[in-house]
Amino acid sequence: MSRVSLPTLEVRGVRVCFGGVIALRDVSLKVEGGMRYGIIGPNGAGKTTLFNVVTGFIFPDRGQVFINGTDVTRLAPHRRARLGLARTFQITTLFLDLTALENVMMGAMVTVGHHRSMWRSAHLDRDARALAEALLCELGIGHLAYVPVREMAYGQQRQLEIAVALSTNPRILLLDEPTAGLSAVETRAVCQLIRGLRKDLTVVIIEHDLDVIFDLADHVTVLHNGSCIADGPADTVREDPVVKEVYLGGWRRSGASN
Amino acid sequence: MRFLIFQVLNGLTTGALLFFLASGLTVVFGLMRILNLAHGALFLFGGYIGWSVQKITGNFLIAVVAGTIGAGLLGFILQQVFTRILLGRAFNQVLLTLGVAFILNNSILAIWGGVPRRIDPPTVLGHSVSLLGVTYPTYRLFLIGLALFAGLALLLLWERSRAGAVVRACVDDRPMAAAMGIRVDLVFVAVFTVGAALSGLAGVLGGPVLGLSIGLDFDVLLLAVVVMMVGGIGSVGGAFVASMLVGLLDTFGKAYFPELSYFTLFAPVVLILLVRPTGLLGRAIVE
Amino acid sequence: MKREVALVLLLLSFAAVPLTGNEYWTGLLTQALILGGFSMGLDILVGYTGMPSLGHATFFGLAGYGTALAITRWGIDPWAAAGIGVLFSSLVALAFAPLAVRLRGVPFLTVTLAFGQLTWGLVTRWGSFTGGENGIPGITRPSLSVGSWGLQRPDGFYLFTLAVVAVLAFLINRFALSPMGLSLRGVRDSDRRMLVLGYSVHARRTMAFVVAAVAAALCGTLSAFFNGYIGPGSLDWRFSAQALLGVVIGGAGSLWGPFVAGAGLHVLKTYICGETERWALILGVLYVIAVVVLPGGLASLPERARKLKEVLRSPTGHDASVHKRL
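Protein chains in written order, with my numbering: chain A, 1 to 258; chain B, 1001 to 1287; chain C, 2001 to 2326.
Treat each hint with caution, since some may be false.
To be verified - Listed next, the stretches of chain C that the computed footprint assigns to chain A, with coverage defined by at least 3 CB atoms under 8 Å from CB atoms of chain A:
{"hint": "1", "stretch": "2154 to 2167"}
{"hint": "2", "stretch": "2178 to 2192"}
Stated by the list, open to error - Derived list of chain A stretches under chain C, where covered just means 3 residues or more per stretch with a C-beta under 8 Å from a C-beta of chain C:
{"hint": "3", "stretch": "6 to 14"}
{"hint": "4", "stretch": "60 to 66"}
{"hint": "5", "stretch": "102 to 109"}
{"hint": "6", "stretch": "198 to 212"}
{"hint": "7", "stretch": "238 to 246"}
Simulated from the structure, these hints should not be mistaken for laboratory data.
In this text, all values refer to a predicted model and were calculated from it rather than measured experimentally.
Note that the Cβ used here is the ideal one computed from N, Cα and C, for glycine as well.
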């Protein structure tokens, strides 16, 4: 009997309406395990809305979302996280009054299974702490472990966002504009970081910076006004004339954040 | 049957007073995100000023005007104080406005003493009228009618006038409104002051019905907050509906279930809040 | 290690108070400790989880009433009655919390206020059962004696209260330092982030509410035993507001700050009510000061003092910046 392999993440015919505005119009995509999948499009194209549908912050008016074949369309966000989904946000959603280490430990505690404990000291939890410290070092911000996030530079916060997302040991990682607002040097560092992620981790990236996307992604979907106008291997999409037109004649580096 | 009609009219009277009080509270919160817990003190302050003025002049109308203006002035001062200090954090706001409410409450006590007072209604409205089979005080009917009129006027102002549009713009999207050249800070001052004045107006108008006593400020404040939450934050129409509803609930509760009157009022309120957190006619608060 | 030693010394010095023989102070401190515990428990909800409540006295009072009714109406042994009181109050919290915590900010504040008034109204009006405005007198203390020291004696009860509150404070502290406690601060700072990490924010908020309520219930029972009486004042929203003030003045989220402030406010109130009628005025002024001058509460003082010392010590210390900080 042949075994059909299910895509790790699938979005089918999703439609989202806000008031009178159609934010997503019959959007579908399939992400296979281990892929580096890019989603690009001009501002307001619906990219973050798509992420919100995938992560459960918005329930679509029509369509479905599947994680490893399981229908999660109406599942609450925290339950999807337990299925291996992780995400960063465009606007930093770190715990500003906690230290970098505490931020990563929040997820690490879940990974080691100690998050329900009401008696043991969280800071003395060796397993969670070790995991958190290792992650921070991997991302090059180990030296900031005891710094409150509020006092960290923006670029370091964006790196921490990724560390926090990785702390739950996810199988699918959604990155929402990871290089937004970063300098050229910081952008290169983040790209290197993403390139260095585990091969069995499925990564979906929303990006504005086209150089970054075509550097990192195998497969790209282009959204425009809520619709999917192109979808395919990165090189194919790059040459698609419709896409080129949408981005006003040829690719250029977008540079600054929205 | 007569008892029922009587209670309904009583409920609507309370609702009328609550509407004046709550409309200011809800618009201020919708606009400035400040829950002014000193709103009840403004009510009482206006009422006492009205009482004093009536004692001196013997004229009800002058008393009403004095109370309204007095409360408006105090409101203006408070608005200046609050905007300088508050930076939007929920419980600091609660404490600051509550602290001012306590200070005002005690100041009112110091100035006017603790003896409950009553304002006399104008002689022309001082009698009773036969209506729907009951004999009912004319003044209370006047209040109900006034609230209806004011409610319609405020709604029209809110929906149709340019001033209303300006305020609505500031509520919906403050940065955009500012970018369009609207003086948002002036809108804040105006709305807060008008809300305070309405509160004082309610205080004086309520004088013949509720009387004036220390502690009344917090009683009405609680009802006004409840009306705001039930009617929906920032909704004048919602405040009207909710005021009448709360007024009726309060009155019926006291009339038919005196042992459980607080319960009959607040149990539905708790239920409404839990089922429809944005209130009956409100919109979701964007945090 | 130093911290533990300091705490033990503190505990011992508190325990030594009865030796002064001053019954007034012993009684005052008993109540102060109870109210410190009350504010500390509230801090878990307000400071740690970021949910401001003006109805926390409900759980303090319900426990007191439960205990009182059990003893005076049904003749139950005070120890068991205490258990009943705390259990009753906790169960009410357990039923209410899952619904209430779906609200946030001002709507949450309002629903806690409304619920508090509902309870207060019920208790005040249902005179035949609850004694109405007069409350329930005649609450006997449980019997416990070590030699000639029993709970009936003021100093005996003081030591008992000290022990119970110390254990409560210890448990609250452990809870706060645990993964659960840390996650509550996460829920406070960014509930979206917590959801994405796999935490059920709703369940955590419910837990915080119930834990704070249980602490309040314990304090309410102690208070009922101390006074031998419970009245609707223990359910009044003004009492809730006082506890909240303790949290803010002490420094929301610091636990020890609210404890000290809650206890201190009681001492202050007792002193002021003895001198003048203007407690409401002073309370109001304190509220305003708390917000304007001390937004981080007492707990922020060590940090501000430290920063100030740094500024003074720095070689380029500008006088202007020192004045600005003050």
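Status of each hint after checking the structure:
1. 2154 to 2167: violated (count 0)
2. 2178 to 2192: holds (count 11)
3. 6 to 14: Since three or more residues must qualify, the claim that chain C covers the stretch 6 to 14 of chain A is violated, with 0 doing so at under 8 Å.
4. 60 to 66: violated (count 0)
5. 102 to 109: holds (count 5)
6. 198 to 212: violated (count 0)
7. 238 to 246: Not satisfied, violated; 0 residues make the cut.
Figure legend: structure checked against the earlier numbered hints; hints not met, in rising order: 1, 3, 4, 6 and 7.
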